[in-house]
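Asker: What follows is the residue order along each chain.
There are 2 protein chains.
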Amino acid sequence: MKTLLVVLDGLSDWPVGELGNKTPLEAAEKSFIDRLASLGAQGYMDPISPGTIPGSDTSHLAIFGIDPRKYYPGRGPFEAIGSGAILNPGDVAFRGNFATVNEDMVVTNRRAGRIDFGLDQLVRDLNSELNKMDFDGVRIELYRGAEHRVAVVLRGHDLSYRVSDTDPHKEGLKVLSSRPLDNDPRSIKTAEVINKFTSWVHRFLTDHKVNRDRVEHGYLPANIILVRGAGMMRKIPRITEHERLNITRPAAISATSLIKGVCRLVGFEVYHPEGATGGLNTRIDVKVDTAIKLLKGNYDLVFLHFKGTDSASHDGKPDAKKRFIEKVSSELSRIFDEFNGEIVIGITGDHTTSSIRREHASDPVPFLVYAPRMFRDSLSTFSERTSRQGGMGRIRGVDLLYLLMDLAEKQDKFGA
Amino acid sequence: MKTLLVVLDGLSDWPVGELGNKTPLEAAEKSFIDRLASLGAQGYMDPISPGTIPGSDTSHLAIFGIDPRKYYPGRGPFEAIGSGAILNPGDVAFRGNFATVNEDMVVTNRRAGRIDFGLDQLVRDLNSELNKMDFDGVRIELYRGAEHRVAVVLRGHDLSYRVSDTDPHKEGLKVLSSRPLDNDPRSIKTAEVINKFTSWVHRFLTDHKVNRDRVEHGYLPANIILVRGAGMMRKIPRITEHERLNITRPAAISATSLIKGVCRLVGFEVYHPEGATGGLNTRIDVKVDTAIKLLKGNYDLVFLHFKGTDSASHDGKPDAKKRFIEKVSSELSRIFDEFNGEIVIGITGDHTTSSIRREHASDPVPFLVYAPRMFRDSLSTFSERTSRQGGMGRIRGVDLLYLLMDLAEKQDKFGA
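Here the protein sequences come in this chain order: S and Y.
Just so we're aligned: 278 in our numbering is position 278 of the first sequence, and the numbers increase by one with no gaps anywhere.
Just so we're aligned: 42 in our numbering is position 42 of the second sequence, and the numbers increase by one with no gaps anywhere.
Accuracy of the hints is not assured; some may be wrong.
DSBU-like mimics (lysine-lysine), calculated; alpha carbons at most 30 angstroms apart, straight line [said to hold, decoys possible]:
1) S/LYS170 <-> Y/LYS209
2) Y/LYS410 <-> Y/LYS296
3) S/LYS22 <-> Y/LYS413
4) Y/LYS296 <-> S/LYS70
5) Y/LYS209 <-> Y/LYS174
6) Y/LYS410 <-> S/LYS170
7) S/LYS327 <-> S/LYS296
8) Y/LYS410 <-> S/LYS174
9) Y/LYS235 <-> S/LYS70
I should point out that these hints are in silico values taken from the structure, not numbers from a laboratory.
Taking the hints into account, I'd like the entire structure generated from these sequences.
Answerer: Dropping the structure here:
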């Protein structure tokens, strides 16, 4: 049987006053999802483990059956992946900021005033120069992130992530030299490369036309890149390699760079249909059309990701979150109907995002599973609260795919 | 926000007839704890994992976020720690008994009749001799435990815990030679050291005045020390090093040697206030005063340990346990009031101790967490039974601190 896993990013929430002390999921009129609740079973899931606040990257790894405590290489590589980089094991990546320094290399603004004017141009020009050079045999690439952010990727042999930041993390301090954090020659070399790169970047940016334009407009010059949070890409298992799960051809539908990157990394074929935006204004209908097409094709597992729920929570808009859930529910019914219910469906979030706190929270997320033949529970609506009474109890993110592939009757017995 | 973790040792229990088929926790009139239950949320916790009977040492390690399956070095080192030893990684420790042997080295009584007459004196005299000697470069120290027990600590380079016991575990058998359990030269050396030590101890004790006095009083001579359960101390992570938890300065209040030792080991500053006894007659009020002082000082996490509950259970006194819980509840209310509720509080036990069986049991223990801003559940009393309905579900000991530090808004997100 085919399997569909729907993740509404940051789905679960806290009760909010403007929704009558309900959560957006509780308040939503979502007749299809509630119908599925009455046909299936629910439970609640700690994406990582109880009390741990998940990021979207770590929680998606977990939901794909990969323990982030073992495999997560740190934020540097995942910021790069989120900005479109394709990383190989051994690559080292840093989180980076365009920033402003004075003539003494003192950081006067860690985010170049958060003004992104001209930064696209700078990244393009830096990359076309970097493309022609190397630093002691190490190639460097930049990936533009949101606002002032830029991921810095080092590729080469014998790199290390055991090096300190150049970012002083405070304004009024000098740009730091990166230092090796151990005696490994690879750490010594990597720190040297980063320091050479930093000097070169500063020289390159100081005279750049974009910075003259920025100053003319009254903006701070973006005359350095500060790096922090080095991480080395590891070999991460592919979803098709999980023992006993027998996933043969998985597809993912998402418009969010970070999630697309994670999906690619673990072996999904990634689809970004036209009109999918990774926001509240995404074409839900088009994503659902794509899911139907892929499920009818050669794919045995389709992962369908919606970001709108999370965006609404980060913006403190629980009502918009509720309405987004309602739209997704109504569109999802088409998949169920298309297969006459002969399909396995999982619906969950990757973490709680509180619309009040506007941030991720550690509260477990509800999940709902449906298969035509399964142990149902007696619930008929899906929410954070009902999930605590669900027949599936409390599980961890890394278990979810096993539950689903078992319901799809695809999983092998472990042992004899 | 400050965090208080209260552990009532052996808190949870089984229903007992003399309390109307309630557990001591159910029977207790504990208005403050029940008020906290109505303001917070509860769940039930397997200190180690379901179906595993925890010791106080392993369960406290787990509650401090340290997986005992990875880090517990065996009972030898922890008995030594419980008797006041400060162990360093690489030290090897054994559990030991004062025992009685005849002239053929046959063990006639494994516990020297359980008579502790003069044993303090023997340990002092042995230690002052041992202090002047070494065995192939290995220093040996003894730590007096309860009754006939004495921990034997070896310090030196190249030791091993892969050696067999000298204790034959049965009376009527000869004292055994310790044998190396593998071919490692360190195991061979350690077994030799233990055998030399055993011969020396026997000679020293045979002629000792205390033993002439014991025999005169009609007691068995304590003329040998039998050792068992070798373990090598490991490097155990400190509680301030847990990733993302951001505990900066933790303090512990306890009067129980084993718990004080574990706390010191994982990086707590340990307080043993005057009047705290580690028993039912402890000055609960003084311990609570100390907790308030520490919480108002520079400590971000205060661990408050009470042993009375466990002692009462081991003595088969559920009613005394109930009354002890009542007193603790009433004193704890002062902490809540002192902070006007602006504090995170966790209350739990480290394991179940059955007042009927007078021993530890594997049943999960109830836990209660309170924070001024949190998801409450609908319970208004705290007990083994209610905790099964709690909003926190079933967790493991190693997760508890993550839940608490998250409620205190001190925890970092894992990932992006």
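Asker: Of all the hints given earlier, name the ones this structure violates by number, lowest first.
Answerer: Those not satisfied are hints 1, 4.
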